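All chains, full assembly: derive it from the sequences and hints.
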Amino acid sequence: MSEVRELSFSAAIQEALAQAMEADERVFLMGEDIGVYGGAFQVTGDLVHRFGEDRVRDTPIAELGGAGIAVGAAVAGARPVYEFQFSDFALLASEQIINQAAKMRFMLGGKVSVPVVFRMPCGSGTGAAAQHSQSLEAMFGHVPGLKVVEASTPEDAKGLLLAAIEDPDPVLVFEHKLLYKVKGHVPAEMYRTPIGKAVVRRPGKDATVVALGIMVSKSLEAAEILAGEGIDIEVIDLRSIRPIDTATIFESVKKTTRLACVYEGVKTLGIGAEISALVAESEAFDYLDAPILRLGGAESPIPYSPILEKAAVPQTDGIVAALRDLVKGRT
Amino acid sequence: MAVEVILPKVDMDMSTGTISVWHVKDGDTVKKGQALFDIETDKAAMEIESPGEGIIRIGNAPVKAIIPIGTVVAMIYAAGEEAKAFSGAAAPAAPVSAPVAAPVPANAEVAPSSSSGGVRATPLARRLARQQGISLAAVAGSGPRGRIVSADLANAKAAKSATAPTPLAIGMDGDAVRALYTPGSYSITPLDGMRRTIAQRLVQSKQTVPHFYLTATCVIDQLLAVRERLNGHAPKLADKTPAWKLSVNDFVIKALALALQRVSAANVTFTDEGILQHTVSDVGVAVSVDGGLFTPVIRAAETKSLSQISMEMKALAAKARARKLQPADYQGGTTAVSNLGMFGVEQFNAIINPPHATILAVGAGIEGFVPVNKLPVLKTQMKVTLSCDHRAVDGAVGAELLAAFKTLIEDPALMLV
Chain A
16 MSEVRELSFS AAIQEALAQA MEADERVFLM GEDIGVYGGA FQVTGDLVHR FGEDRVRDTP
76 IAELGGAGIA VGAAVAGARP VYEFQFSDFA LLASEQIINQ AAKMRFMLGG KVSVPVVFRM
136 PCGSGTGAAA QHSQSLEAMF GHVPGLKVVE ASTPEDAKGL LLAAIEDPDP VLVFEHKLLY
196 KVKGHVPAEM YRTPIGKAVV RRPGKDATVV ALGIMVSKSL EAAEILAGEG IDIEVIDLRS
256 IRPIDTATIF ESVKKTTRLA CVYEGVKTLG IGAEISALVA ESEAFDYLDA PILRLGGAES
316 PIPYSPILEK AAVPQTDGIV AALRDLVKGR T
Chain E
233 MAVEVILPKV DMDMSTGTIS VWHVKDGDTV KKGQALFDIE TDKAAMEIES PGEGIIRIGN
293 APVKAIIPIG TVVAMIYAAG EEAKAFSGAA APAAPVSAPV AAPVPANAEV APSSSSGGVR
353 ATPLARRLAR QQGISLAAVA GSGPRGRIVS ADLANAKAAK SATAPTPLAI GMDGDAVRAL
413 YTPGSYSITP LDGMRRTIAQ RLVQSKQTVP HFYLTATCVI DQLLAVRERL NGHAPKLADK
473 TPAWKLSVND FVIKALALAL QRVSAANVTF TDEGILQHTV SDVGVAVSVD GGLFTPVIRA
533 AETKSLSQIS MEMKALAAKA RARKLQPADY QGGTTAVSNL GMFGVEQFNA IINPPHATIL
593 AVGAGIEGFV PVNKLPVLKT QMKVTLSCDH RAVDGAVGAE LLAAFKTLIE DPALMLV
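The listed protein sequences correspond, in order, to chains A and E.
Counting in this note's numbering, the first sequence runs from 16 upward without gaps.
Counting in this note's numbering, the second sequence runs from 233 upward without gaps.
Some hints here could point you the wrong way.
[To be verified] DSS-like cross-link-like pairs, simulated, lysine-lysine; straight-line CA separation at most 30 Å:
1) A:K343 with E:K389
2) E:K556 with E:K536
3) A:K282 with A:K212
4) E:K438 with E:K615
5) E:K389 with A:K270
6) A:K343 with E:K264
7) A:K269 with E:K389
8) E:K468 with E:K389
9) A:K282 with A:K196
10) E:K638 with E:K477
11) A:K325 with A:K198
12) E:K241 with A:K269
13) E:K241 with A:K220
14) E:K241 with A:K343
[Stated by the list, open to error] Okay, the calculated beta carbon distance ranges per label pair:
15) E:A234 with A:T283: 18 to 24 Å
16) A:G243 with E:R377: 26 to 32 Å
17) E:A234 with A:A145: 54 to 60 Å
18) E:D471 with A:A326: 55 to 61 Å
19) E:A310 with A:A295: 24 to 30 Å
20) E:R377 with A:H200: 45 to 51 Å
21) E:A560 with A:D247: 28 to 34 Å
22) A:H157 with E:A560: 51 to 57 Å
23) A:Y206 with E:A234: 53 to 59 Å
24) A:N114 with E:A386: 50 to 56 Å
No lab work stands behind these hints, which were simulated from the structure alone.
Small disclaimer: the values here were computed from a predicted structure and weren't measured.
Cβ atoms here follow ideal geometry from the backbone N, Cα and C, with glycine treated the same way.
The following block contains the structure:
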């Protein structure tokens, strides 16, 4: 019997980092202000005191250099976990992530693997404005050679991070900043949430929602409201953007005959476009009884105004209305 | 982006429609909301507005042809777009002017579907139709722009199986009938939506509703006197016309509505799952129009004054003649009045108009000698015949209803209480 306790999302991540470092001396952390300061969002906390400055390394404000060191260390046999203060800054390091880490295994004939993990605090809702609020999962998910995951619960935050650290390939772990304080059950032992496997959070029969990160809880809220109207929504937590678990999605769509994709990233050319196309190309197409619906971020940088910031990404009310129309055949 | 103009679904149980007239020409510039064409449904005509702005291409505009709803009948191209000629709509099933037309399909289900894939359906609906051998062209879509969804197939199937044991052939085979006559000795008028509906509904009614008939003779001298007095008291409007001119039929509507309240067992509709007991008396009134008839409904007629009923009837009749009745004007009803008295008809039996349970056929008021205390007295008598749906209304209930009606119509003062 494993012990089950309530932990916050950020405490679950910290526990995963600590357990990984205890279990495997190759694991070490890098990032700006992750040491004494405890991390921009206090995720690493006091790990520097437990594991020392060699394994919890503060880096200069130079993401390209930091990421390059992490990639190099991974190639050399270490298991680095590099934290970006904001995933927006990973764009500075995209040379290392996209051109180096993602490609080395392929360009060196499979003789090298790059077991690096990049932690990517993402998303809007904190009033941090356009350059600190993006959801770039689809942008990085576009790159073969990378794996991209995002948890919606503390349990998966720990399990996905442990799986990412043990994975032989570079993994980007997106963490929605508004989820850090959310609490949930987290088993105490080391466990892995498989990368590439979605999970049905709520079974339903009238429509399938494929959601990611914080949109999972908003979709679940919407589903509860609609349940009061006799509308039964199935909510799938995608968890893994690359690779995508098509089997779970197809199976659900074949059952419910309707599909909506809910994600915070910009709607256009986003995760919803990919899932829609995958379904349209698959055997599940013949089961669709309504057009596929995408609810994504607005065609805009995330605004600073709190009202506009809220309006720029899907919210529960909008999800409720859209799903109601979808199920009632008004789309 | 080019906007498709589709034949919309404007009535609940509509699967096909007919464009009676186009208000625009091929190549015209149209505004959003501008009237494009009149659609003639099974029951009424309705103006359809433009869904977009730009140059409209109609092509061989299908007029008077039966078209499945959802068919694209025109395209509207915005400024800067190439306004391509349009040829997608279904070809007319039968040209109206031709002296001998091609045989008109016996029912809407065999109407040709648009060759350009005019049927909109979800992938699921298409797959199910394929598996079950259902032609999508015969299915009315309930989704946006007439899109067929899986539920529509289930409904179509249910409708089909419900009618399957007794297929409704509403007419004889056109070829066989024409062979009986010398070519050139006749012309053919294709069935329009209204004629087709009248044929289908009345065949259905006569074949499935077990009718029985009850006739009574009503003495209407008091009614005529009251009517004269009330009309004499009608105040004059600004244009010097009287505010109301009550007809005998207005009294009949009111009396029937009140009789249904007294004999509520007759204010019903028969359905497979049970008898609908209605609380108000919605009385349909047959209105003759060019080429057919409509039955608009006076709602809750028992609550309305004679002048109200009279004015409402005039408005509905005018709308019916202009073919502008909306579904809300004619749907439902629990009984109907059909009056042929003005043609001098003494007595006739009417066919029930489902979902009604009864219909009252009203004859002319005719003077005749009636024995009163063994002496002949001249009275005006009006024969009325009540047709009843025996599934819902038994003989005794029908007789009670007719007796209540007779009491009220013979002594109109009773309608005041």
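Now for the hints, and whether the structure bears them out:
In summary, the hint linking K343 (chain A) to K389 (chain E) is supported, as the alpha carbons are separated by about 21 Å, within the 30 Å threshold. Pair hint K556 (chain E) plus K536 (chain E) holds up; C-alpha atoms about 23 Å apart against a cutoff of 30 Å. Proposed proximity of K282 (chain A) and K212 (chain A) is supported: the alpha carbons are some 23 Å apart, at most 30 Å. As the CA atoms of K438 (chain E) and K615 (chain E) are separated by approximately 23 Å, the hinted pair is consistent with the 30 Å bound.
In summary, the hint linking K389 (chain E) to K270 (chain A) is supported, as the alpha carbons are separated by about 22 Å, within the 30 Å threshold. As the CA atoms of K343 (chain A) and K264 (chain E) are separated by approximately 27 Å, the hinted pair is consistent with the 30 Å bound. Among the hinted pairs, K269 (chain A) with K389 (chain E) is consistent with the structure: their alpha-carbon atoms are about 22 Å apart, no more than 30 Å. Under the criterion of a C-alpha separation no larger than 30 Å, the hint pairing K468 (chain E) with K389 (chain E) is inconsistent with the structure, at around 57 Å.
Of the pairs offered as hints, the one joining K282 (chain A) and K196 (chain A) holds, with about 26 Å between alpha carbons and a cut-off of 30 Å not exceeded. Distance check on the hinted pair: K638 (chain E) and K477 (chain E) sit about 23 Å apart at the alpha-carbon level, within 30 Å; holds. Annotation: proposed proximity of K325 (chain A) to K198 (chain A) holds, straight-line Cα distance about 22 Å (limit 30 Å). Restraint check for K241 (chain E) and K269 (chain A): the C-alpha separation of about 29 Å stays at or below 30 Å, so the hint holds.
Distance restraint check for K241 (chain E) and K220 (chain A): the Cα-Cα separation of roughly 28 Å lies within the 30 Å cut-off, and the hinted pair is therefore satisfied. Restraint check for K241 (chain E) and K343 (chain A): satisfied, since their Cα atoms lie roughly 17 Å apart, inside the 30 Å limit. For the pair A234 (chain E) and T283 (chain A), the beta carbons lie near 22 Å from each other, so the given range of 18 to 24 Å is met. At roughly 30 Å, the beta carbons of G243 (chain A) and R377 (chain E) sit within the given window of 26 to 32 Å.
A C-beta distance of roughly 36 Å is found between A234 (chain E) and A145 (chain A), which places it outside the suggested range of 54 to 60 Å. Separated by about 57 Å at the C-beta atoms, D471 (chain E) and A326 (chain A) satisfy the suggested range of 55 to 61 Å. Restraint check, A310 (chain E) to A295 (chain A): a C-beta distance of roughly 27 Å satisfies the suggested window 24 to 30 Å. With their beta carbons about 47 Å apart, R377 (chain E) and H200 (chain A) fall inside the hinted range of 45 to 51 Å.
In this structure the hint that A560 (chain E) and D247 (chain A) lie 28 to 34 Å apart at CB holds, the actual value being about 33 Å. The supplied range of 51 to 57 Å is met by H157 (chain A) and A560 (chain E), whose beta-carbon atoms lie about 54 Å from each other. A beta carbon spacing of about 56 Å between Y206 (chain A) and A234 (chain E) agrees with the range 53 to 59 Å that was offered as a hint. Taken as a hint, the range 50 to 56 Å holds for the pair N114 (chain A) and A386 (chain E), whose Cβ atoms sit roughly 55 Å apart.
Violated hints for the displayed structure, listed by number in ascending order: 8, 17.
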